[in-house]
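S.K.: Quick mapping for you: the protein sequence lines, in order, are chains A and F. Each residue of the first sequence is one higher than the last, beginning at 1 in this note's numbering. Each residue of the second sequence is one higher than the last, beginning at 384 in this note's numbering.
A couple of the hints might just be wrong.
[To be verified] Among chain F residues calculated to face chain A with C-beta under 7 Å, some are:
#1 Lys-437
#2 Tyr-442
#3 Phe-461
Everything labelled a hint here was simulated from the structure, so no lab data went into it. Glycine included, each C-beta is placed from N, C-alpha and C at the ideal position.
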Amino acid sequence: MTRKWLIRLRRVRPVAMKEVRQILRDRRTLTVMLGFPIFMMLLFGYALNFDVKHIPLAVLDNDQSARSRDFVESFLHSGYFDFVKPLASQQEVDQTLDGGQAQVVLVVPAGFADSLARGSNVAVQVAVDGSNSNTASTVIGYAGAIMQSYSEGLRTKALSRIGRTNVALPIDYRPRVWYNPELKSASFLIPGIIVQILLLMTVISTSLSIVREKERGTMEQLVVSPLNPLQVIVGKSVPYVVLSFIGAAVIVLCGWLLFGVPVKGSWFWLFVATSSFLAGGLGLGLFISTISGTQRMAYQLSGLLTMLPSFLLSGWIFPLRNMPLPVRIVSYVIPARYFLPILRAVIVKGVGIETFWPHMVFLVVFALVMLILSTGRLRRQMA
Amino acid sequence: MTFNVARGEILGFLGANGAGKTTIIRMLCGLLNPTSGRATVGGFDVARQSEQVKCNIGYMSQKFSLYPDLTVVENLTFFGGVYGISIPRLRERIPWALEMAGLRGREKSLTAELSGGWRQRLALGCAILHEPKIVFLDEPTSGVDPVSRRSFWELIDRLAEGGTTVFVTTHYLDEAEYCNRVMLIHAGRLIAGGSPSELKSRTFQTPILEVRSDRLIDALAALQEQPWALETAIFGDALHVRVEDEARGSELIRTTLAGLGIAVEYIGRIVPSLQDVFIDLVEHQTKESTRDS
Chain A
1 MTRKWLIRLR RVRPVAMKEV RQILRDRRTL TVMLGFPIFM MLLFGYALNF DVKHIPLAVL
61 DNDQSARSRD FVESFLHSGY FDFVKPLASQ QEVDQTLDGG QAQVVLVVPA GFADSLARGS
121 NVAVQVAVDG SNSNTASTVI GYAGAIMQSY SEGLRTKALS RIGRTNVALP IDYRPRVWYN
181 PELKSASFLI PGIIVQILLL MTVISTSLSI VREKERGTME QLVVSPLNPL QVIVGKSVPY
241 VVLSFIGAAV IVLCGWLLFG VPVKGSWFWL FVATSSFLAG GLGLGLFIST ISGTQRMAYQ
301 LSGLLTMLPS FLLSGWIFPL RNMPLPVRIV SYVIPARYFL PILRAVIVKG VGIETFWPHM
361 VFLVVFALVM LILSTGRLRR QMA
Chain F
384 MTFNVARGEI LGFLGANGAG KTTIIRMLCG LLNPTSGRAT VGGFDVARQS EQVKCNIGYM
444 SQKFSLYPDL TVVENLTFFG GVYGISIPRL RERIPWALEM AGLRGREKSL TAELSGGWRQ
504 RLALGCAILH EPKIVFLDEP TSGVDPVSRR SFWELIDRLA EGGTTVFVTT HYLDEAEYCN
564 RVMLIHAGRL IAGGSPSELK SRTFQTPILE VRSDRLIDAL AALQEQPWAL ETAIFGDALH
624 VRVEDEARGS ELIRTTLAGL GIAVEYIGRI VPSLQDVFID LVEHQTKEST RDS
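The task is simple: from the sequences and hints, build the whole structure.
M.R.: Given below as structure tokens:
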């Protein structure tokens with residue numbers, strides 16, 4: 001039995017070697033395979049940024065007092081806003097927002113300083129362009145916080161003037177963000193990019209490599225040879241799995257060196273999770289190769305079955321809990337939905353297997369089911 | 384259909400496109416499962432012992448099926464590895480295959496850059512690298528220029544002399560003359576088999592006369608009405624007329640055509656080619672099947 005298996009494994013070698021030669025010869029594909037992750041990293045890492053800074057701010061100051069100027073300054077000092085221009089009338093407020101010169105307009109009412117001095121309430125208007133709801137809600141948050149702390153400052157001063165120096169606020173609000181204290185977008189994006197790129201690379205390369213042989217007629221030559229289908233499949237898959245691992249390593253390294261997102265948790269579990277995810281991708285790629293007759297079809301199917309679901313239904317950018325039930329049900333069979341939380345846990349949070357083992361189990365099950373199913377189909381097709 | 388092939392024989396399968404030649408080869412190679420019937424190749428049952436069959440055969444498909452992005456030597460090395468040839472043996476076999484295919488000096492060329500004839504010979508080299516007892520060649524010469532075709536057949540001849548059984552399909556009827564034995568396939572059925580000369584003499588026990596005339600169409604119409612003209616057909620710029628007897632037949636043709644005022648330029652007996660045999664047999668077959676139904 002052992003001897004038989006040794007002989008079988010020996011036959012895998014020429015197939016794998018041939019595949020490596022073909023990969024190395026096809027410089028263009030190789031460049032794409034290895035360059036693509038880096039390109040995606042740079043694109044997503046630098047261009048796709050959810051940090052809201054440099055928001056264009058226009059000010060209509062109807063008070064024109066030292067106090068009102070001080071109030072406006074507190075906005076500019078926060079670092080989130082860039083002052084665009086002073087406005088002269090309410091009409092100009094509309095024009096500035098309509099024209100998009102400013103995303104926020106701060107309107108300070110006349111008598112601002114006087115009212116404050118008298119100790120009465122003042123209504124300050126913040127007009128926000130809501131066409132990008134994400135940015136708008138962030139801006140409202142910033143504006144609220146700035147006004148809050150400005151009011152606190154005024155109250156403290158007022159109280160101290162009447163002789164109460166030991167002023168304590170009823171609730172001391174001190175937010176502390178765990179795992180990603182600076183709320184860096186990169187920490188959030190990098191796990192998602194790893195998911196996207198790995199899946200795409202693995203699925204496309206395996207499905208194309210099998211369909212190419214079908215298309216060229218070389219598959220038939222392999223079928224009449226004494227190789228059994230499993231030897232062909234394993235031989236052809238190994239080089240691509242290795243390549244995908246190199247891709248994964250490149251992304252993780254980029255995340256660390258370029259974006260300062262190191263792997264906080266266990267490298268071992270990162271490796272195990274990545275292997276299971278890759279195995280699932282390999283299974284999916286093989287499956288696609290059984291239903292596509294041409295490379296073009298395999299390419300399009302791979303893109304469709306990997307990019308869209310793992311982008312939309314992994315909970316990366318769009319939270320799953322807000323989605324309608326049918327969509328949530330579909331998301332349960334998307335491996336990215338399980339791999340992403342694992343990556344977040346290992347890379348960003350640095351927590352152990354005890355927190356994500358159910359996800360791990362799913363990844364392994366998905367990989368096994370996919371591999372068994374598609375190898376079975378492929379074997380039947382090749383026999 | 385039932386047939387046996389002897390060791391070292393070149394067996395040709397002839398038939399039109401779609402006649403079923405490729406299907407037979409694919410079944411014998413284990414690429415297709417036979418729906419019924421039994422076949423043994425090299426002593427092993429095709430359906431049950433496909434593993435052993437595969438080790439003992441070489442196969443070259445109709446479609447060129449080497450890796451165009453690998454070099455000549457890389458293709459040979461790959462197929463050597465697939466068939467489990469040991470490295471020291473491969474070191475002898477690869478130069479042998481290169482020599483045979485006339486590819487010395489082109490070891491490092493990409494297969495995609497080779498011309499049709501070279502590719503065919505390299506494909507043959509890959510198929511016989513592991514010294515199979517039986518080689519299946521499915522339309523090996525389709526799309527190859529006549530000179531390359533000729534040299535390819537010389538290779539096949541040498542292979543058979545060395546004791547390898549060669550099983551070849553073609554739709555070039557002239558190529559069948561290279562075979563020891565020919566099987567004519569039509570619509571999935573074996574309609575005749577034998578050596579090329581046997582086939583010719585068996586099919587045409589009655590002579591065929593070639594008739595040349597400047598009014599070919601009129602002559603054809605006139606002769607088709609005669610009961611003694613067993614078969615009449617146009618071949619190029621002449622008529623082929625099958626008659627019971629050479630001397631009597633030519634006399635009858637002359638008188639019939641002269642009576643109609645059609646001048647006869649030439650009458651003479653011809654040696655039938657395999658093409659004549661094939662067309663004749665197919666026509667008979669078609670007639671029989673229409674009569675049956």
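S.K.: Against this structure, judge whether each hint is valid.
M.R.: Right, here's what the structure says about each hint:
1. Lys-437: holds, 5 Å
2. Tyr-442: holds, 4 Å
3. Phe-461: Constraint on Phe-461(F) satisfied, holds at 5 Å.
In terms of the numbered hints stated before, the structure departs from none.
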